[in-house]
Amino acid sequence: MTTIEMQPPRLTVGPFAWLRKNLFSTWYNTALTLAALWLLYALLRPALQWTLTEARWGVIEANLTLFMIGQYPRDQSWRIWLAIYMLGGMIGLSWGVWREAARGFAFIALGAGLGFALISLLLNLDTWINWLIADAVLLVFYASGLILQRRGTTIAALGWLLYFPLVFLLIAGMRFIPWLPPVATGLWGGLLLTLMLAIVGNIGALPLGILLALGRRSKLPILRYFSIGYIELIRGVPLVTILFMANLLVPLFLPVDIRPPDAVIRAMIGFILFEAAYQAENVRGGLQSINRGQYEAAQALGLSGALTMTFIILPQALRAVIPALFNSFISLFKDTSLGAIIGLFELLRIGRAVLAQSDWLGTHREVFLFIFIVYWGFNMAFTYGSRRLEEALGVGKR
Amino acid sequence: MSEIDKNQEIIICRDVHKWFDSFYVLKGINLTVQKGEVIVIFGPSGSGKSTFIRCINRLEEHQKGQIIVDGVELTNDVRNIETIREEVGMVFQQFNLFPHLTVLQNIALAPLWVRRVSKNQANESAMQLLKRVGIPEQANKYPGQLSGGQQQRVAIARALAMQPKIMLFDEPTSALDPEMIKEVLDVMIQLAKSGMTMLVVTHEMGFARAVANRMFFFDEGQIVESGTPSEIFQSPKEDRTKLFLSQILSH
Numbered sequence: 001m002t003t004i005e006m007q008p009p010r011l012t013v014g015p016f017a018w019l020r021k022n023l024f025s026t027w028y029n030t031a032l033t034l035a036a037l038w039l040l041y042a043l044l045r046p047a048l049q050w051t052l053t054e055a056r057w058g059v060i061e062a063n064l065t066l067f068m069i070g071q072y073p074r075d076q077s078w079r080i081w082l083a084i085y086m087l088g089g090m091i092g093l094s095w096g097v098w099r100e101a102a103r104g105f106a107f108i109a110l111g112a113g114l115g116f117a118l119i120s121l122l123l124n125l126d127t128w129i130n131w132l133i134a135d136a137v138l139l140v141f142y143a144s145g146l147i148l149q150r151r152g153t154t155i156a157a158l159g160w161l162l163y164f165p166l167v168f169l170l171i172a173g174m175r176f177i178p179w180l181p182p183v184a185t186g187l188w189g190g191l192l193l194t195l196m197l198a199i200v201g202n203i204g205a206l207p208l209g210i211l212l213a214l215g216r217r218s219k220l221p222i223l224r225y226f227s228i229g230y231i232e233l234i235r236g237v238p239l240v241t242i243l244f245m246a247n248l249l250v251p252l253f254l255p256v257d258i259r260p261p262d263a264v265i266r267a268m269i270g271f272i273l274f275e276a277a278y279q280a281e282n283v284r285g286g287l288q289s290i291n292r293g294q295y296e297a298a299q300a301l302g303l304s305g306a307l308t309m310t311f312i313i314l315p316q317a318l319r320a321v322i323p324a325l326f327n328s329f330i331s332l333f334k335d336t337s338l339g340a341i342i343g344l345f346e347l348l349r350i351g352r353a354v355l356a357q358s359d360w361l362g363t364h365r366e367v368f369l370f371i372f373i374v375y376w377g378f379n380m381a382f383t384y385g386s387r388r389l390e391e392a393l394g395v396g397k398r
Numbered sequence: 001m002s003e004i005d006k007n008q009e010i011i012i013c014r015d016v017h018k019w020f021d022s023f024y025v026l027k028g029i030n031l032t033v034q035k036g037e038v039i040v041i042f043g044p045s046g047s048g049k050s051t052f053i054r055c056i057n058r059l060e061e062h063q064k065g066q067i068i069v070d071g072v073e074l075t076n077d078v079r080n081i082e083t084i085r086e087e088v089g090m091v092f093q094q095f096n097l098f099p100h101l102t103v104l105q106n107i108a109l110a111p112l113w114v115r116r117v118s119k120n121q122a123n124e125s126a127m128q129l130l131k132r133v134g135i136p137e138q139a140n141k142y143p144g145q146l147s148g149g150q151q152q153r154v155a156i157a158r159a160l161a162m163q164p165k166i167m168l169f170d171e172p173t174s175a176l177d178p179e180m181i182k183e184v185l186d187v188m189i190q191l192a193k194s195g196m197t198m199l200v201v202t203h204e205m206g207f208a209r210a211v212a213n214r215m216f217f218f219d220e221g222q223i224v225e226s227g228t229p230s231e232i233f234q235s236p237k238e239d240r241t242k243l244f245l246s247q248i249l250s251h
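One line per chain: the protein sequences are A and B, in this order.
Letter by letter, the first sequence follows residues 1 to 398 of this note's numbering.
Letter by letter, the second sequence follows residues 1 to 251 of this note's numbering.
Simulated from the structure, these hints should not be mistaken for lab results.
All values reported here derive from a predicted model rather than from experimental measurement.
Certain hints may be false.
Some chain B residues near chain A, calculated using beta-carbon distances under 7 Å [claimed, not checked]:
| # | residue |
| --- | --- |
| 1 | Q8 |
| 2 | R85 |
| 3 | E86 |
| 4 | N96 |
| 5 | F98 |
| 6 | H100 |
| 7 | L112 |
| 8 | F233 |
Which stretches of chain B does chain A cover? Using the computed rule of at least three CB atoms under 8 Å from a CB of chain A, they are [unchecked claim]:
| # | segment |
| --- | --- |
| 9 | 17 to 23 |
| 10 | 158 to 164 |
The calculated label-pair distances, taken between Cβ atoms and stated as ranges, are [what the hints assert, rightly or not]:
| # | chain 1 | residue 1 | chain 2 | residue 2 | range |
| --- | --- | --- | --- | --- | --- |
| 11 | A | V237 | B | Q128 | 30 to 36 Å |
| 12 | A | E390 | B | N76 | 38 to 44 Å |
| 13 | B | S174 | A | A157 | 39 to 45 Å |
Glycine included, C-beta positions come from ideal geometry on N, C-alpha and C.
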């Protein structure tokens, strides 16, 4: 028998054919298309006109630093740049070592660096050089990651583990290091504070959430009931109440001779406690998705419970719920705006502060649109990166 | 066929009973396995044969009677159970490979973390086992990229990596497409001939005829009949055995 070679039928059509098929196939389709176009124009024209001619974007330009870092001492802003360079380095290294898994985030970071450099140039700011340095660091570390190959995985993993505590120390400062004087958290503000709250909240919450999820499935009744009680208690009340409680109660629970932590730290504790309950439920979903056969296979090999969890169950469970974990991350990132209610100068509250300046009265639309774009841009970038990560991690799973 | 040490009873089961809640699954199983023996257990579904071999590495707990494996009695003592599990390898019907690890990692994981051998040594032994089951070229793939027969051979290699004294097979070919059954059985036959003590739950009567020393027919939680393959195939004593054999051998 001869093998029959046959190409699949070609279905691709040009843009004009697509237009005709989908938008102008009949007379009423054509009418609807035209009506929709007119409606779009009518709606967008004033918006565009306002954006391009009437809006006083000077309010953003004049307060850009305030929006970004709040009252953080200007002469200490090199620390934030250093944190950004380190982030570039870590992303670059991860890209070189893990390839596809980190590529989405690397593209985003490179693009953001270039974009911000361009914006800085347009606004006549000398920060364009910093953004280009960040991109350069990223590329250098990417190259070194490529050279290190698989040996670099441990370095990259350790790097990420150290990165966030180091950045926290860098930004908070230490009394014992003369060139790194402490910066009171009351001075942190704007996007910097928003990001710190979101990152600390999530990173603190994930391990706690994993423990709670394991606790909830534990055979030990005390552990199980504690976990269930905690999760259901936290999930049953709004975040704002938890933030208020953290603000008022954390000092009460500490011994008298310990100075109570300031408002930002208290808020961070509140966010961690809140987020842990949700992450616990995410992780529990992942744990439940694991086939019983996986436990049995691990047990049959003589793996102890702890080894089974560490090497077999948790890696699969966490991988299965990456979308949910990232979803919670984005949620918390936006929820940090509630920090405004307990007096933190995060992005939203900085916006209100800017609006109170006598020079910029009545620029609500500009300010809120800007804040809107910052939140949205961050989340889009993050969503893109995480989706690429999910795709890359899907390897070998059908 | 390999040597069987008549004086070394490696598995002793005395009057083993088990219930799933109120459902009576094992009704007094008595069975002793000598070192190096190949035992085939067969019977209709629901007869308790899988449950029985799962009791031997305590994936299921028996509630009455005694199971002694390699001189250690299975009790609730966790250390005993872990010791036994290191000595007893198991191959499952559904393979149960770890999908997030490569083939090589699947095999090397337990020696690395339970036996605490070096990473190089674990990987080297894993490669040798892969050669033994005939798929060294698949070492760096993920289980999902392999055919069922290949996956089951990896599962056998994974169990062998712990250098067990006993291998349990729970219907190892039941989930396989027909053309892949032979490649798995070949590996098992080769293993049987190397002197491994094996307990195999299977309906592959060709395999039983080729390498089994003794066969046990399970029905309704009891051993109905046991004997050598020739006794079972040529002159089964019990009517239930005859009926079951006629059902599975008729085509």
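Hint check:
1. Q8: violated (22 Å)
2. R85: Hint holds; B:R85 Cβ to chain A Cβ min 4 Å, cut 7 Å.
3. E86: Hint holds; B:E86 Cβ to chain A Cβ min 4 Å, cut 7 Å.
4. N96: Interface hint status for B:N96: holds (4 Å vs cutoff 7 Å).
5. F98: holds (6 Å)
6. H100: holds (5 Å)
7. L112: Since the shortest Cβ distance to chain A is 9 Å, the answer is violated.
8. F233: violated (31 Å)
9. 17 to 23: violated (count 0)
10. 158 to 164: That given contact holds, which follows from 3 residues of the segment 158 to 164 of chain B lying within Cβ reach (below 8 Å) of chain A.
11. A:V237 <-> B:Q128: 30 to 36 Å: violated (58 Å)
12. A:E390 <-> B:N76: 38 to 44 Å: holds (42 Å)
13. B:S174 <-> A:A157: 39 to 45 Å: Distance hint for B:S174, A:A157 holds at roughly 40 Å.
Violated hints for the displayed structure, listed by number in ascending order: 1, 7, 8, 9 and 11.
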